[in-house]
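Visitor: So you can see what is in the structure, the chains are spelled out below.
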Amino acid sequence: MGDIAVEARSLRKAFGEVQALNGLSLAVPTGSVLGLLGPNGSGKTTAISILATSLRPDSGTATVGGLDVVTEAALVRRVIGLAGQFAAVDPNLTGRENLRLIGRLSQVGRRQARVRADELLDSFGLDRAADRLVRGYSGGMRRRLDVAAALLHRPAVLFLDEPTTGLDPESRFALWDSVRGLARSGTSVLLTTQYLEEADALADRVAIISAGQVADTGTPAELKARFGTVVFRLDFARQEAAQAAHIALASAGYRPQCDGVGIQVRSAAGSGELTGMLRALDGRAPDPVSVAVREPTLDDVFLSLTSGGEAA
Amino acid sequence: MSTIAIAPRLVPASRVTAAARGVASALSDTADVAWRNLLTQLRTPQALVFATVQPVIFVLLFRYAFGGAIHVTGTNYVDFLMPGIFAQTVAFGAVGTAVGLSGDLRTGILVRFRTLPMARIAVLGGRTIADLARNLLVVAVMTGVGFAAGFRSPHGAGGVLAALGLVVAFGYAISWGFASLGLRVSDPEAAQAAAVPVVFLLVFTSAAFVPASAMPGWLQAFGTHQPVDALVTAERALILGGPAAHDVLISLAWSGGMLVVFALLAARTYSRMGR
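Going line by line, the protein sequences match chains V and G. Heads up: the first sequence at position 274 corresponds to 274 in our numbering, and the numbers run straight through without jumps. Heads up: the second sequence at position 44 corresponds to 44 in our numbering, and the numbers run straight through without jumps.
The shape of chain G in the complex, shown without the other chains (with noise of 0.2 angstroms):
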C-alpha cells in the first residue's frame, strides 16, 4: 500500500524523473497492447486474407477489366492504377481500428483495461501501430502484386519507396479517425457498416482509378480536395516523375493534420468513456 501514501505527494525534484517514468510505462503498455492485438490477428488470419484479396481484385478488375476503357495520358494505365490502390488499400485497412476497438468494446476487454493501472493511451496507440504494421504487411503484399501485373517506375525503387512511405502515414492517420467510431459502436458489424461508406466516398472521389478530368466540376471541386486525392497525386508525382515536393508536402499536411485531429478526437472519446 505505500504505493498510495507516496505518490500524490511526490516531492518537485522528483517530478522530471516521474515524468521520464510515466513516458517509459505509457511506451511499453503500448508494445504489450500492439503485441496482443498483433497476436490475436495473426490467430485470426481469415482477416489478414480479405484485406488482401480485396486490393488483389481491384488490380485484376481495373487493370484488366476497366482499363481498357479508361484512357491516361502520358503513362501506361497500370502505373497511374498502382498508385490509386496503394491509397485505397491503407484507406479499407483503417476500418479495421474501428472493428478491432469495436470488437474489444463488446467482448468486455476494453473494461478490463480501464481498470488497469496502465496508461491510457495504450489502448489507442497499441491498437494503431499494431493496424500500422498490418498496413505495412499487406502494402508490401500489393507492390509484389503491381509489379506482377505490369507495374514499373520509370524513377527507379527511390521514388516508390518514398510513395509507400506517404501512403502508410496517411493510413496510420486515418486509423485515428477510425478509432473513435470504434469506440462508439459495441458492433464490430455496426463500425464496419459505417466506416467503409466513408472510405468509398473519398477513394472513388478521388483520381484513384480515373483522371479527375473525366469527373462533372461539382465532384471535381470535392474529389480534388481531399485527402486521398492528395495522396494520390503525391504517389504519382514520386512514382511517375515531374516536380513533386509541393504535392508530397500537400499530403503530408493532409496526414499530419489529421493525425492530431483525429488522435485528440480518440484520446477525448476514450477517457470520457463511462460518463
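Same shape as in the complex, but just chain V (with noise of 0.2 angstroms):
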C-alpha cells in the first residue's frame, strides 16, 4: 500500500454558508494510528467523511491507499471500514444479523460473513448478546458492535469517528485496548477525538484541527515538548494575592497565566527555574499556599492552539 495510508491535500467543504474544512492536509503512514483533536465543530466529521467517500470535497484531493477518494471511491471502500458517531448499526436486527448483512454487502461471501460476524462477536465480548436486538444493547455494546461492523472485511485503513465519546470508562478502556490490538496487526488507523488524553493513550501522531485547519501536527511527546517542558502552578490564598504575583512574574519577563487564585507559568528551561520565579515573588506578592511542577499535557498544547495563546 505504500508509505502512506491516508493523505488529503488542502480540503475544503462548505455547507451553506458554514466553511467546514478550509484547506486541511493530513498524513497517515501506513501500519501508524493518527489522532485527529479538535472541538465540536472543528472539521473532524466532515474531515473523515470525505476520507470515507461519504462526501465529496468542494476542492482538494485525498487518497486512501493511492486511490483518490473522489474518481475510485469504488476502490477506496473495498479497503476502508468506518465507524463512529454518524455511521449505524440496525436496531432492529440483532448484533449477529447486523454483522452478516455488513459483511455480505462488503463482499466477503456469504459463508466468509458467518464466520468473520462470530470471531468478531467474539473478540469485542458480544458473543453472549449476539442473538439479541441491538435496540436493547447498552451505549456501549452498540459502539463495539460499530467498531466490530468496520472490520468484517479486514480493512487497512479504519476510520473511527468519536468511537468512545459518551462511553463509560470501562467500555472505553475496552475500546481503545481494541483500537491498539488493530493497529499492533497493522491496521492503518485515522481517529478523532475530543479527548486529549484518548489522543495521547492511542495516537502515535496528532493533529489538532481547528476551525477546519490542521494547527499544528506531531508525536504527543513533540506537541508536549514544543509547548514546553514543565508547567509550574502556584497557588494564592485569594484573588488579590495571585494578581500580585501575576504581576511581579511578568515584570521578571516570565508570561504567566492567571486563573482565579492560581497562576501557571510554562517553561522550556524545565525545574530548576522555579528558583528565578520564587525570587521575583519575593517581597512583591504574598507566598503561595502550594507550588506544583508537572509535565504538559495535550490540553495544554491544544488550548494554547486554539485559543491563540502563545505556544512556545
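Source of the hints: derived by calculation from the structure; they are not laboratory data. Treat the hints with care, as some may be off.
Covered, in the sense of this in silico footprint (three residues per stretch, anywhere, with C-beta under 8 angstroms from a C-beta of chain G), are these stretches of chain V [as the list claims (entries may be wrong)]:
#, segment
1, 74 to 83
2, 95 to 108
Every beta carbon over 10 angstroms from chain V, so not counted as near; a handful from chain G, in silico [as the list claims (entries may be wrong)]:
#, residue
3, S25
4, T52
5, G144
6, P211
Label pairs and their computed distance ranges (CB to CB) [what the hints assert, rightly or not]:
#, chain 1, residue 1, chain 2, residue 2, range
7, G, R15, V, D299, 33 to 39 angstroms
8, G, D187, V, V18, 18 to 24 angstroms
9, V, A211, G, L61, 58 to 64 angstroms
10, V, G260, G, R106, 15 to 21 angstroms
11, V, A14, G, L136, 19 to 25 angstroms
12, G, V261, V, A211, 41 to 47 angstroms
13, G, V261, V, E170, 51 to 57 angstroms
Here a beta-carbon is modelled for each residue, glycine too, at the ideal position from N, C-alpha and C.
The two chains are supplied separately, each in an independent frame; assemble them into the complex guided by the hints.
Guide: Written out as C-alpha cells, the structure is:
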C-alpha cells in the first residue's frame, strides 16, 4: 500500500455559509494511528466523511492506499472501514444479523460473513448478546458492534469518528484495547476525538484541528515538548495575591496565566527555573499556598493553539 | 490488496465476466438489503398494522357510512368501491418508502451503506422491493376485507387478479417517486408530512370513491388525467367487465413511465448525496 495509507491535501468543504474544512492537509503513515483532535464543529467529522467517500470535497484531493477518494471511490471502499457517531448499525436486527449483513455487503462472501461475524462478536465480547436485538444494547455494546461492523472485510485503513464519546470509562478502555490490537496487527487508523487523553493513549501522531485546518501536528511527546518541558502551578490564598504575583512574574519576563487564585507558567528551561520565579515574587506578593511542577498535557498544547495563546 | 492493483486494469476479454459478476453482486446486494428491510418491518409490526387499519376504515366508512348517499349506475357500490380502495392502499403504502429511507438517513445507516463496497442500486432496490412485498401482503388482506364486505366480481377471479397485478405495479412505480423524497429529508415525520398530501390529492380527485361525473368540470380535467384514476378505471374494466384493453394499456403506460422517470430521479439523488 506504500508508505502513506491516507493523505489529504488542501481539502475544502462548505455547507452553505459554514466553511467546515478550510484547506485541511494530513497524512497517516501506513500501519500507524493518527489522532485528529479538535472540539465540536472543528471539521473532524467532515474530514472523515470525505476520506471515507461519503462526502465530496469542494476542492483539494485525498487518497487512501494511493486511490483517489472521489474518482476511485468504489475501490477505496474495498480497503476502508468506518465506525463512529454517524455510521450506525440497525437497531431492529440482532448483533449477529447486523454483522452478517454488513459482511455480505462488504463482499466477503456468505460463508466468510458468518465466520467473521462470529469471530468479531467473540473478540468484542458480544457473543452472549449476539442474538439479541441491538435496540436493547447499552451504548457501550452498540459502539463495540459499530467498530466490529467496520472490520468485517479486514480493512487496511480504519476510520473511527469519536468512537468513545459518551461511553463510561470501562467501555472506553475496552475499546482502546481493541484499537491498539488493530494497530499492532498493521491496520492504519485515523481516529477523531475530543479527548486529549484518548489521543495521547492511542495515537502515534496527533493532528490538532481548529476551524477546518490542521493547526499543529506531531507525536504527543513532540507537541508537549514544543509547548514547554514543564508547567508550574502556583496557588494563592486570595485572588488579589494571585494578581500581585501575576504582575511580579510578568515584569520579571515570565509569561504567567492567571485563573482565579492560581497562576500557571510554562517553561522550556525545566524545573530549575522555579528558584528564579520565587525570587521574582519575593516581597512583591504573598507566599503561594502550594507550588506544583508537572509535565504539560495535550490539554495545554490544545488550549494554547486554539485560544490563540502563544505556544513556545 | 491485490484487488486494488488488478481491478482498474481489466483486460477487455474479461469485461463480459466482470459485467456478469457486477449484475450478480448487484442482485445479491439488493436481496440482502430487501431482507434487512423486511425483517425490520416484521419487528416493528405497528407500522404494518396501521398500514392495514387505514384502508379497512375506509372500506367501512365508504361501504356503510357514505355508500348509501353515493349513486353509481350499473353496479353495486361495494364493487365500484374496492378498486378505489386497492389503489388508495398502495398509494398510501408508497409513503412508507419515503419514511423508511428518511429513517435510514437519520440513523446513519445510509452513511455506512454508502461507504461499503456494495452495488449502489441496492439501497433503493432493496427498499422498494421490501415495500413491494409489504404491498402484496396488505393488498391480500384488503381483498379479504372486500369480500367480507360483499365485494364480488361478476367476471371471476381472473379479472380480480389481473386488476391486483395493475395495482401492485402502480404501487411499485410510485414507491420510486417517494424514494427521492426520503433521501432528501432526514426526518421521517417530515417525509411523511410531505408525501401524504400528494397521495390525498391523487386519490381524492380520481374516481376512486365517487364517479368523476359528480365533480365540477375543472376538477374532472385534472382528476381524470392522472395515474390513480387511470389505475382505478382499468381495474373496474377488468373486474366489472367491458372492453378493458385500452384502459389497462393506459394504466400500464403510466406505471411504466413513472417507474423509469422516478427510478432515474432517485438513482441520481442517491449518487449526488454528499456533494
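Visitor: Provide an ascending list of the numbers of those earlier hints which the structure does not satisfy.
Guide: 3, 7, 10, 11
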